[in-house]
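Hey, can you work out the whole structure from these sequences and the hints?
For the record, the sequence lines run as chains F and D. Take the position in the first sequence, starting the count at 1, then add 17; the result is the number in the numbering used here. Take the position in the second sequence, starting the count at 1, then add 17; the result is the number in the numbering used here.
Heads up, some of the hints might be wrong.
Pairs involving identical chains hold if they fit within one copy or between any two copies, as the list cannot separate such chains.
What the hints assert, rightly or not - Taking lysine-lysine pairs in the DSBU-like style, the calculated list, with each CA pair at most 35 Å apart, reads: (1) K114 to K25; (2) K93 to K114; (3) K93 to K25; (4) K25 to K53; (5) K53 to K114.
No wet-lab data here; the hints were simulated from the structure.
Number of protein chains: 2
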Amino acid sequence: MSESEITKTPRAPYYAVIFTSIRTEGDNGYDAMSDKMFALASQMEGFIGAESVRHPDGFGMTVCYWQTLEGIKRWKQDAEHQLAQQMGRDRWYRQYKTRICLVQEDYGTDLFE
Amino acid sequence: MSESEITKTPRAPYYAVIFTSIRTEGDNGYDAMSDKMFALASQMEGFIGAESVRHPDGFGMTVCYWQTLEGIKRWKQDAEHQLAQQMGRDRWYRQYKTRICLVQEDYGTDLFE
Chain F
18 MSESEITKTP RAPYYAVIFT SIRTEGDNGY DAMSDKMFAL ASQMEGFIGA ESVRHPDGFG
78 MTVCYWQTLE GIKRWKQDAE HQLAQQMGRD RWYRQYKTRI CLVQEDYGTD LFE
Chain D
18 MSESEITKTP RAPYYAVIFT SIRTEGDNGY DAMSDKMFAL ASQMEGFIGA ESVRHPDGFG
78 MTVCYWQTLE GIKRWKQDAE HQLAQQMGRD RWYRQYKTRI CLVQEDYGTD LFE
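Spelled out as C-alpha cells, the structure:
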C-alpha cells in the first residue's frame with residue numbers, strides 16, 4: 018500500500034484510523050500482504066480511502082478513512098485481516114499503534130479541481 | 018520535523034491533527050521553518066507530540082497530538098505559525114489537507130517498555 022494522493026473525503030464527520038508503525042528488517046512477505054489488505058479493505062462497506070507513507074528507516078504511517086465505526090469494526094474482525102494482523106505482530110512490526118478517530122472538521126486546498 | 022518515534026500519547030480521548038501534503042520541488046526554506054514550527058508547537062499548552070514522515074516523491078503526513086481542541090486553535094492562530102501557513106500555501110505545498118480529529122480509542126504494542 019503506497020498511495021501518493023490525498024484522499025477525497027466527504028464532508029465531516031467521518032472516521033480516520035491512524036496506524037503508525039516501525040517495521041522490522043527485510044520484506045518477509047510484507048509488501049504482497051499490504052497490497053492484498055488494501056485491495057480487501059477497499060471492498061469493505063464504508064471504506065473511503067487511505068493515505069500511506071514509510072521512511073526508509075522503517076517508520077511509517079497509514080491513515081484509512083471510513084464512513085462509519087461499524088465499517089472499521091467489521092474490517093478489524095475480518096478473518097483474512099486478522100491473520101495479517103497476527104503476522105504483523107509476529108513478523109513485520111517492531112512497534113505499532115492504532116488510533117481510532119472521529120474527524121470533526123477539515124480544510125485544505127480544493128482537491129477536486 | 019522528522020520524528021521517527023511513535024508518540025507516547027495519554028489514555029484516550031485526546032486529539033489528533035492529521036496534516037497530509039504534497040510538496041513543491043526544492044527546499045526553499047522549508048526544512049528550517051519546519052524545525053522552527055515543531056520547536057514552537059512543542060512549547061504550546063496541550064501539545065503532546067508529533068509523528069511525521071515524507072516520501073521522496075513529495076507526499077507526506079504529519080500527525081500532531083493535542084490534549085485539547087483549545088490548544089489546537091491557539092496553535093492555528095499563533096502569529097508565527099500563521100506566517101508559516103501562508104508561506105506553505107504560497108511556496109511549499111502543491112496540495113494539502115488538515116483534519117481535526119478526536120481520538121476515541123487506541124491500542125498497540127506497549128510503547129513504555
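So, going through the hints one by one against the coordinates:
1. Taking the closest pair of Cα atoms, K114 and K25 come within 35 Å of each other both inside a single copy (24 Å) and across two copies (10 Å).
2. Proximity of K93 to K114 under the C-alpha cut-off of 35 Å is found in both arrangements, the shortest distances being 14 Å within a copy and 26 Å between copies.
3. Taking the shortest Cα distances, K93 and K25 sit within 35 Å of each other both inside one copy (23 Å) and across copies (23 Å).
4. For a Cα distance limit of 35 Å, the shortest separation of K25 from K53 qualifies both inside one copy, at 22 Å, and across copies, at 30 Å.
5. In this assembly of identical chains, the alpha carbons of K53 and K114 lie at most 35 Å apart whether taken from the same copy (21 Å) or from different copies (27 Å).
The structure fails none of the hints (numbered hints given earlier).
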